[in-house]
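K.L.:
Given only the sequences and the hints, what does the whole structure look like? Please build it.
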Amino acid sequence: MSIKHIRLLIWKEFLQLRRDRLLLPLIFIGPIMQLIMFGYVVGSDVTNIPTAIVDQDMTMTSRALADSFVNTGYFTILERPATESDVQTLMDKNRVQVALLIPPGLEADLARGEQVPVEIIVDGADSKTASVASGYAAQVFADFNQKRIEATGLVPDAPGIDARVRVLFNPTLRSVNAMIPGLVATILLISMGVVMSQAIVRERERGTLEQMFVTPITRGEYLLGKIAPYILLAIIQVSVVMVVGIFWFRVPFHGTLLVIGLGLLLFLFTVIGQSMFISMISRTRQQAQQATMFILIPTMVLSGFIFPLESMPPEIVPVTYFIPLRYALVILRTSFMKGAGLEALWPQFAAMAVFSALILGLALSRFQKRLSD
Amino acid sequence: MESAIQLKALTKRFGSFTAVDAVDLDVRRGEIFGFLGPNGSGKTTTIRMLCGVIAPTSGQATVLGHDAIKDPEAVRRRIGYMSQKFSLFEDLTVDENLRFYAGVYDLTDEKFAARREYILRMADLVGREGELTANLSVGWKQRLALGCATIHEPELIFLDEPTSGVDPTARRHFWELLYELADSGVTLFVTTHYMDEAAHCSRLAFIYNGRLAACGTPGEIRALMTETVLEVDVDDAEAALLALERVSEIREAYMSGAVLHVNVGASSPASVVELLAAAGVTVRGIEVVDPTIEDVFVHLVTQQRAAGETLAATAPEAVAVPNPPVSGSPDA
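In the order they appear, the protein sequences are chains A and B. Oh and the first sequence: position 238 is 228 in our numbering, straight run, nothing missing. If you count the second sequence from 1, you need to add 63 to reach our numbering.
Since the hints were derived computationally from the structure, they do not count as laboratory data. Check each hint, because a few of them may be wrong.
[Claimed, not checked] Output of the computed footprint for chain B on chain A, the stretches with three or more beta carbons under 8 Å from beta carbons of chain B: (1) 4 to 17; (2) 187 to 200; (3) 204 to 218; (4) 286 to 294.
[Stated by the list, open to error] Simulated restraints, written as ranges between beta carbons of each label pair: (5) A:P15 x B:Y242: 43 to 49 Å; (6) B:V189 x A:G210: 35 to 41 Å; (7) B:G190 x A:P15: 28 to 34 Å; (8) B:E180 x A:T274: 35 to 41 Å; (9) B:E283 x A:P15: 46 to 52 Å; (10) A:A218 x B:R140: 40 to 46 Å; (11) A:P288 x B:E301: 53 to 59 Å.
This structure is a prediction, so every number in the text was calculated from the model and none was measured. Glycine residues also receive a C-beta, built at the ideal position from the N, C-alpha and C atoms.
P.N.:
Printed below as a string of C-alpha cells:
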C-alpha cells in the first residue's frame, strides 16, 4: 500500500469531479435544494388555508372573531356564503378547506355570559391540513376568549368558547426539528450513493478500471483512492447541512459531535458499500442510476424519514429493520434533540456496524470476483 | 536468448466454457509477436492471465522471468498494457494523463520530464498538452495511450487490438511507432483481427475457440497452405459466393477486400470459371495467387469448424459462430 499512489488517485479523482457536469452540481447544489425542499416545503407551516365564513350574526363581535382568524395569517377568507348548506358545495369544489360558522345571536348570547357553539368545519381529505387547521382554530378561539375576558373584566360562569383548548406545540417547529437531523443522513445517502456508483461505473465503461489492474496500482490502493475523496466530500456536505440546520432553521443541538460523527461514519460505510455493489452489477451509468433510484425510494419511504414508523402497518414494520437509514435517523434525531449518548443508542450503533460490515463485505467480494472473471 | 513469455498448457475455464485451452507459447525477446484470432477466441483472456489480472485454471505462465500467477506485481511493474479502449482518462488533459501514469509507475521528476517530452513528440502532441483528452481525435488518442503505456519504458508491451476503429493512415503511423519500439529491444505482444497487420509481425500465433491453431513466422504460416488459392474479380460477388458455397469440393470462398479468394480444394480453376458462368456471374479476372495469411486462417477456421461440428453432438459449443477474420484494407 503506497501513500503516494493513493494521493495520486485522489488527485485524479478530484480533477475528474471538477470537470464533471453531472456529479459536481449533484454534490453541491443537491444538498442546498434538499435543505430548501425539506426544510421549508415538507416541514413547513400550513398557511393561507382557504376559508369560508358564514356569519349569521353580523355584529361587531362576530366580525372581530372573523378578523382574528384572518390576522393569524393561517386562514385566507375566500368566501362569505349566507348559509351552512353552501359550505358543502364549496368544499366539494376544493374552493375552501375550512369553514367557520357563526350562529345568529352570538354577540347577545356572549353578553349574557352564555356558552355559544361556534362551529369549525374542516375538510378531512387532506389530513395534514385538517389537523393543523383545527389546531390553529382552537388557538384562535382561545386567544379570542382571553381578550374578551381582559376587555370586559368578566369571568363568565360558562366559558364563552372553551378556552381550555390550548395548542402547546407548534407543528412547524416540531417537524423541522426532526427533519433536519434526518436530512443530514438522507443527503449523504442521496448524493454519495449516486456519485460513488457513477464514479466507478464510469471507469469500467471507459476501460480505465481494467487498465489500473495491469499497473502496479493494487486493488486496495485503488479502492482507498476512490473512497477517500467521497468521504472528504461527505464531511463537507454534512457540515454544511448541520450548520444551516442549527443556525438558519434553529434546530436545537443537544448531542455530541462524537456520537453524531460515529453514527454518520458507520452510515457512510453502508452507503459506500451499497454504491460499490451497485457499480459492480451495473454495466452503464444509466443502469447504476436506475439501481440507485430503485433502492432510494423504498429507503426514503420505509426508514421513517418522511412517514413515522409508528403509522406504518404492522406487516411492513419488519422490513424497516433492514434499512440502515432507519438506525441512522434514530441516532441523529435522538442525539440532536435529547442529547442521547452511546449508552442509549448502542442497539442502533450495533445494527449499523453489522450492516456496514455486511454490505461492504459483499461489495468487496463482488469487486474481487468481477475483476477476476 | 531468454524468453519474454513462456506458456505451458495455460488453461482458463469459466464454468463449463473453456476460454483458453492448453495453450503453449514461447515469445522471444525483441520480437513483435502477433496473437491473432476472431473475436471471442480467447485473446484478451490470455493477456489478462499474462498480466496477472486473472488466475488461470491450470498451466504455467512465465513473463519476463517472473511467474505471472505467483508474482503478478513484479510482472506489472515491467510491462506496459494498452487496450482497444485506450483507457485514457478522457476528462483529464494530455498532460494530466501523462502525469498520472508517471505517478502510477513511480517515475522520478527528472525521469518524468524526459519521458513527457519524448512522448509528446512521439504522439505529435507538442503544444496540445493542456487539451482535454476527450477532444483529441482517435489517432492522437491512440498514440497518447501508447505513450502512457510505455512511460516507464517497459521491456514488454501488451497491445490488445490497439488499432481497432482507427483509420488506415493512423494505423500505418502507429505501426511505425511499434517498429521503433521493437528496434530498441522492446518485446511487443499484439492482438489484432486485422489480417493485414499480421504481416507486420515477426511471428504469429493463431487462436481459435481457445486453442492454438498455428504458430510461426508469416512465411511458415503461409507454407501451411498446400491448396490452390484463386483471386477472382467478379461483377456480382454475392451471387458468386452463393454459387460457390453450393459446391462441396470448393473449400472456402470469401471476400478479401474487393475481390474473392477461393480455395479450390479438390476442384480446379477451370471448373470455378464454368460454375460462375453458369450462375450468370461475369468473371473480370482470375489468377492463382500465393496464399495470404488471411487465406491460411480462413482455411484453419473452416477446418476447426468442421471438426467442431462433428464434436457438437457430444460437447455443446459455448461460442456462437465467430466472426470471420476481417480482411485488410487495400492501402495498408
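K.L.:
Indicate, hint by hint, whether the structure satisfies it.
P.N.:
Status of the hints after comparison with the structure:
1. 4 to 17: With 4 residues closer than 8 Å to chain B, the stretch 4 to 17 of chain A meets the three-residue bar; holds.
2. 187 to 200: As far as the stretch 187 to 200 of chain A goes, the hint holds, because 4 residues have Cβ atoms under 8 Å from chain B.
3. 204 to 218: Result for this restraint: holds, n = 5.
4. 286 to 294: As far as the stretch 286 to 294 of chain A goes, the hint is violated, because 0 residues have Cβ atoms under 8 Å from chain B.
5. A:P15 x B:Y242: 43 to 49 Å: Taking Cβ atoms as reference, P15 of chain A and Y242 of chain B lie about 47 Å apart, which means the hint holds.
6. B:V189 x A:G210: 35 to 41 Å: holds, 37 Å
7. B:G190 x A:P15: 28 to 34 Å: Holds, since G190 of chain B and P15 of chain A (Cβ atoms, about 33 Å apart) stay within the stated range.
8. B:E180 x A:T274: 35 to 41 Å: With Cβ atoms ~38 Å apart, the hint holds.
9. B:E283 x A:P15: 46 to 52 Å: Roughly 60 Å apart at Cβ, these two residues miss the hinted range, so it is violated.
10. A:A218 x B:R140: 40 to 46 Å: violated, 24 Å
11. A:P288 x B:E301: 53 to 59 Å: The hint (53 to 59 Å, Cβ to Cβ) holds, given that P288 of chain A and E301 of chain B are roughly 56 Å apart.
The structure fails hints 4, 9, 10 (numbered hints given earlier, in ascending order).
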